[in-house]
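> Take these sequences, add in the hints, and give me the full structure.
There are 4 protein chains.
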Amino acid sequence: MPMTPTEPRRRIPRDTDNDYSPEAAARRRDFVREQTGVELHHMGQFSQATDQLPGNIEHFTGVAQVPVGLAGPLRMIGEHAQGDFYVPMATTEGTLVASYNRGMRLLAECGGVRATVVDEAMQRSPVFTFPDALAARQFGRWVVDNMDGIRAAAEATTRSGRLRDIMQFAIGPLRYLRFNFTTGDAAGQNMVSKATLAACEWIRDQHPDHPAFVLSGNIDTDKKHSQINTLLTRGKRVVAECTLKAEAVERIMGTTTAELFRVRQISQAGAFIAGSANNGAHAANGLTALFIATGQDVANVSESHAATTYCQLLDNGDYYWSVTLTSLIVATHGGGTGLATQREGLEMLGCHGRDKSHKFAEICGGVVLAGDISLSCAVIAGDWVTSHDRYGRNR
Amino acid sequence: MPMTPTEPRRRIPRDTDNDYSPEAAARRRDFVREQTGVELHHMGQFSQATDQLPGNIEHFTGVAQVPVGLAGPLRMIGEHAQGDFYVPMATTEGTLVASYNRGMRLLAECGGVRATVVDEAMQRSPVFTFPDALAARQFGRWVVDNMDGIRAAAEATTRSGRLRDIMQFAIGPLRYLRFNFTTGDAAGQNMVSKATLAACEWIRDQHPDHPAFVLSGNIDTDKKHSQINTLLTRGKRVVAECTLKAEAVERIMGTTTAELFRVRQISQAGAFIAGSANNGAHAANGLTALFIATGQDVANVSESHAATTYCQLLDNGDYYWSVTLTSLIVATHGGGTGLATQREGLEMLGCHGRDKSHKFAEICGGVVLAGDISLSCAVIAGDWVTSHDRYGRNR
Amino acid sequence: MPMTPTEPRRRIPRDTDNDYSPEAAARRRDFVREQTGVELHHMGQFSQATDQLPGNIEHFTGVAQVPVGLAGPLRMIGEHAQGDFYVPMATTEGTLVASYNRGMRLLAECGGVRATVVDEAMQRSPVFTFPDALAARQFGRWVVDNMDGIRAAAEATTRSGRLRDIMQFAIGPLRYLRFNFTTGDAAGQNMVSKATLAACEWIRDQHPDHPAFVLSGNIDTDKKHSQINTLLTRGKRVVAECTLKAEAVERIMGTTTAELFRVRQISQAGAFIAGSANNGAHAANGLTALFIATGQDVANVSESHAATTYCQLLDNGDYYWSVTLTSLIVATHGGGTGLATQREGLEMLGCHGRDKSHKFAEICGGVVLAGDISLSCAVIAGDWVTSHDRYGRNR
Amino acid sequence: MPMTPTEPRRRIPRDTDNDYSPEAAARRRDFVREQTGVELHHMGQFSQATDQLPGNIEHFTGVAQVPVGLAGPLRMIGEHAQGDFYVPMATTEGTLVASYNRGMRLLAECGGVRATVVDEAMQRSPVFTFPDALAARQFGRWVVDNMDGIRAAAEATTRSGRLRDIMQFAIGPLRYLRFNFTTGDAAGQNMVSKATLAACEWIRDQHPDHPAFVLSGNIDTDKKHSQINTLLTRGKRVVAECTLKAEAVERIMGTTTAELFRVRQISQAGAFIAGSANNGAHAANGLTALFIATGQDVANVSESHAATTYCQLLDNGDYYWSVTLTSLIVATHGGGTGLATQREGLEMLGCHGRDKSHKFAEICGGVVLAGDISLSCAVIAGDWVTSHDRYGRNR
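Keeping their order, the protein sequence lines are chains C, L, D and Y. Note that numbering that gives the first Met the number 0 has the first sequence beginning at 0, numbered continuously upward. Note that numbering that gives the first Met the number 0 has the second sequence beginning at 0, numbered continuously upward. Note that numbering that gives the first Met the number 0 has the third sequence beginning at 0, numbered continuously upward. Note that numbering that gives the first Met the number 0 has the fourth sequence beginning at 0, numbered continuously upward.
What the hints contain is simulated information worked out from the structure, not anything from laboratory work. Glycine included, each C-beta is placed from N, C-alpha and C at the ideal position. Mixed in with the good hints, there may be bad ones.
Computed footprint of chain D on chain C; a stretch qualifies when at least three of its residues, placed anywhere within it, have a C-beta under 8 angstroms from a C-beta of chain D [unchecked claim]: (1) 130-140; (2) 164-176; (3) 235-248.
Here are some of the chain C residues that sit facing chain D, going by a computed Cβ distance under 7 angstroms [to be verified]: (4) Gln47; (5) Gln51; (6) Arg113; (7) Val117; (8) Gly274; (9) Thr307; (10) Tyr309; (11) Ser321; (12) Thr323.
Written out as structure tokens, the structure is:
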């Protein structure tokens, strides 16, 4: 039986003057060695300037070195992303880069990827509580009538955030509000928290009942997949589309468009009964690799990997394929996007800084499309396992 | 209007002799500079030996340096994880490490985290197709009757994988099979693909109708959240539990257990109507940071972040809190776990190598519990936004 | 092996002059006897005038006699439903009426049921198809800009229907529109189909691209439960609430409010992992019985049984309990509400005719609340099985 | 503001000697007239013998007369249902019978409906509670090791029920058990409650810790749709299939199989994003009408309407269509199946009594298939609204 340790906790060293110096990091690596016997030799080797790190990490100790592979060119004919892109993918999973690369080759031969952002909003979802449902309903009306004041209170806290609208969801004596903001080129989760808090405090002060609230009622739904995201968008809703030529599918992928469509019916039924976040293949793989390489908040893969694939076999045998990412959360400014390697990752895509987030979102869509096509063909053509034998660790 | 680029693709350079040399990586960085004008200065700086990389990446070009912060000690009183752990968290999101650290402090004061793996299985889900439902049903019976042969065929491909059982799901003329394997200390996705393919080929050869199959019918559900995972487990199902002392919650977190339980009802109802993968707070944050730091397949956050929280307010005012991660996919061997910084990350937890995956899974559970407690309290106590102002980039 | 029958089909007799006469019905009963040997003696006995039936049934042959029991009084302190109601419940399931009756008794002792309709809308969801996502997005904008014309076209087809708003959902090259109508005291499915068709034809004619459409893209979601209904309401969203006195729960139900709340945590977690339409008990039982007795479209139980329960244990030991029916589809006018016995069922609730649908919806909420309380207490107190032994067929 | 009524409740009259006499029913109708002023003239007219009613209803007061229409012949080439069937459908919704009838005509011209039951089980899902997850896991093991004793305890309470297996679901310190029974020709909900209670009491007595339990943890999931039902079956899982001839679809339905398949992609994507219980059309309509006419527990429509449609366009232009009902709950014995009109409804299908439930389930599948085909074609061909104008109340 495990026993409760009763020893006092040994606290991680912290430099109250400047906790972000190389020396502070080294002191923590020493502490780890003392406590665990493990020398953090490699973690201590980095070129990232530590004075850039405040705001990105606490108790900085070193870095994880994640291998970056190159895929491409990804040929985009999007609204904002146009031309050939070389995509940095940070991963430790063999075959991943090779597989995405193969999908990109097919896409280029078929004219490239159309892509566009069709909706965008970042949420915070406070809940106001009332004595009963009638009072909650009346409050809902009050919110509609006082949108100007609420918006002013929210937007006073931010330069780039704009309160688009507030959706309302009624359960018992509760009123869940879903604040939808546009957030410029930042992902914006913190921005909308701050703005929503200000709005809620304004509401509490102005409303005659001074109702209590909780800043999140879990329908935001921050850092987790949800059906509400699939329906109502979180971050950016981006569509990537292509028309695969029947001839090219046979030549490059070793299968046929008719077979792709036949199996598509099977995988759609499977996703439906499984209650899956994504009726396509493996969006999470490409997005994660791209997110790590470009300084995104990687935990957002939990939300961003949700997608809906829609395909049609055309009369001429070509194959229309679309992927709609319904809750893609990306930034080209703020967060980790300015760190050393991460900034390079964004820059090589021409996506660092202001007014780039739609372009970057379109590239994300293109990457996912390439990977889903490649894997789907491999499953059918029987290449899936053999390619892992060739590239993966089980070789 | 975007136009289709008609220029030929410029292919990424590849060294057919040894594509994993530092020179091959440098050539690709040069290529990126030529194509995009961007110098990959920082990506090119790493201590990771490139000859370790085959099997983990293709077109290796450099590394992403992801800052690692230290949280802890996390006091564990698990089945396998016992004692105080210092947790490496690789992230670019300010406040994250500080918040998890705060949760760990409270947990230590309350006696630490109990944790245990309650189920485990890794899946591949082929589909066999038949002329009609009756034939599919009869096939299902045949599979049950021929489990020995199927198991032998599957297990012949792997040293550590064991075929636990095969679940069956009938839709129309299709028979979806969900092969459940135990995979030792590897995550095992590739292992089970290979084993299942062998099993399916054996079935196709042995069954009198030689039925056609597709190796995945999308109910595996690889790299995506699904309700089937929540119900039937993917990877490891791990429970982390604690009993928070009422006094400690007030002193350290500035709220009360009664208030936590009251708000819990609100967040549960919210998660339910939102169709959320997780009725708790933000498992994805802690898992992602830990996954990057320890060489996990980070794309598995899409599945691993699903969780079910279950709490009770006790008669004495203390608060029982459990988080059940229903599809935690982790490895302590294979994949990226042997790379330079990643191995250090696992080693400082005493979790590198064989027979460590349960210990590591318990630590994952403890980390998630710490983070969910910390954020939930912050939302109620009003610290959420102010702490981001202090630690995050909007300061 | 089953064989395909090759005999010609024997068509059901139909009277082209008046297919709704008692004689036409008798002729079909004779036909059944000739074809199957079964005499439809009881089906042929009814007091319902057959000339009222056009618009409610085709090939009228007789009636099903469904036993009606009486429950109540249900004490309502709703917005529209106030006073004591005696509720007709048509069912063949023993124990059902007794169980609801018991819940109503407790509710009356605790001051009755508050109830209110907090939202309402009936949907039809056409889909317009485009060459790509960009064109679909631009169409979405056009719809917003042309709401006046769309509304006029829709409302020209109906006296009581009003187009409240149109929600939009983008997938690939598709634009799903969710038309939300208010429909007065009718359930309104046919009304909104007709109005939406007119609107779609207007759109197709007016939009420069004359886009093709399908009248339903399956997100209405007619005659099936869906998460979109739980979130966005279908029919009426009604909340029924009460505060159970601790003393009365012990005296009448044989359990305690603390125990109810403890078990509530278990049933909530269960509903969450099961992916359930309802985290309460058995709304479908009471609604179905009430629907049959009052001429509702009983198939709407598929949508109407979805509910979200939200409870809190109060400091004084009393228990706040709310049920929110998120997609309750009811009518007090039109459909089957004017038929002989059905009208009597509505009239005894004071709910037949115009301006009664909110009152009736509140009563539906009260009935569900009574039943959920009664069953939940029975499960805990151990009465569940014994009461079925007493009242049900297994006695 | 509504006020709490303070008058005493007027209790519904009850005859303690024989509450099922025609006189007792009449006394209650008189009571309704006294309380509400409404004369229940039609409800009081019925041919059903009241002495058959104990076990089906309490406080019997009269009957609802629900119009029954005739559809068919439904040509079945199932495993058990073979030949032409005339289907009684009890509904008040105009167009419904006509629409199903049209689908049956097409099906007969295309060779009829294949159908088969591919799985069956009725559930009760108790939860055992423990101090922690480890104890709960060990209990799970104990359950597996003691299946013989558990089965014996359960089966001692029933003649026809058999405990097939027990599935386990772990959340925190809870162990949810899903008892799967076969129940012969009864739906079996009460039977399995009683058997599971006996099993739980046996477990509590035999297990060394004498663990507490709750008889339902809400994953049964009784009287509500759930994803667990879609995956793991509740009641019967029945597949109905057909191959529609291209020529017949054009001639009878006025559309083409290619168009059906094209629109199918749209409705599948819609069902997926909506989080729908059914990716087909309107199973609930046909099932409800058939359930009322044949004495089923109509509230089970909440579960029974869940379905997964799977189609393929064949090379010759014909169209394979399957519907899988994943949680069809039906009985041919017990419950309301023996009442006067209900028994006639079952008898005209040759489905009353023992060993008929598979046959009846196949017919249910055939009915759903006919209705889904008819409506899907009507939506495409533009007949949907016009047919309601012709047959429905808005004519």
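> Given threonine 307 of chain C was flagged as interface, is its beta-carbon under 7 angstroms from a beta-carbon of chain D?
Threonine 307 of chain C check passes; min Cβ-Cβ to chain D is 5 angstroms, inside 7 angstroms.
> Would the hint on glycine 274 of chain C be counted as holding, given a Cβ-Cβ threshold of 7 angstroms to chain D?
holds, 6 angstroms
> Please verify the coverage claim for the segment 235-248 of chain C: does it have three or more residues whose C-beta sits within 8 angstroms of some C-beta in chain D?
holds (count 3)
> Does arginine 113 of chain C meet its interface restraint, that is, does its C-beta lie within less than 7 angstroms of any C-beta in chain D?
With a minimum Cβ separation of about 6 angstroms from chain D (threshold 7 angstroms), the hint on arginine 113 of chain C holds.
> Could you check if glutamine 51 of chain C really has its C-beta closer than 7 angstroms to a C-beta on chain D?
At about 38 angstroms, which exceeds the 7 angstroms cut-off, the nearest Cβ of chain D leaves the hint on glutamine 51 of chain C violated.
> Does valine 117 of chain C pass the interface hint, meaning its C-beta sits closer than 7 angstroms to a C-beta of chain D?
Status holds, d = 4 angstroms.
> Minimum Cβ distance from threonine 323 of chain C to chain D below 7 angstroms?
holds, 5 angstroms
> So, serine 321 of chain C near chain D? Judge it on the closest CB pair being under 7 angstroms.
Nearest chain D Cβ about 3 angstroms off; hint holds.
> Would you check whether tyrosine 309 of chain C satisfies its interface hint, that is, whether its CB is within less than 7 angstroms of any CB in chain D?
Given a least distance of 4 angstroms, the restraint on tyrosine 309 of chain C holds.
> Does the segment 164-176 of chain C contain three or more residues whose Cβ lies closer than 8 angstroms to a Cβ of chain D?
holds (count 6)
> Should the hint that glutamine 47 of chain C touches chain D count as held when the rule is a Cβ pair under 7 angstroms?
violated, 38 angstroms
> Between the segment 130-140 of chain C and chain D, are there enough contacts, at least three residues with CB-CB distance under 8 angstroms, for the coverage claim to hold?
That given contact holds, which follows from 6 residues of the segment 130-140 of chain C lying within Cβ reach (below 8 angstroms) of chain D.
Consistency with the previously given hints fails for numbers 4 and 5, ordered from lowest to highest.
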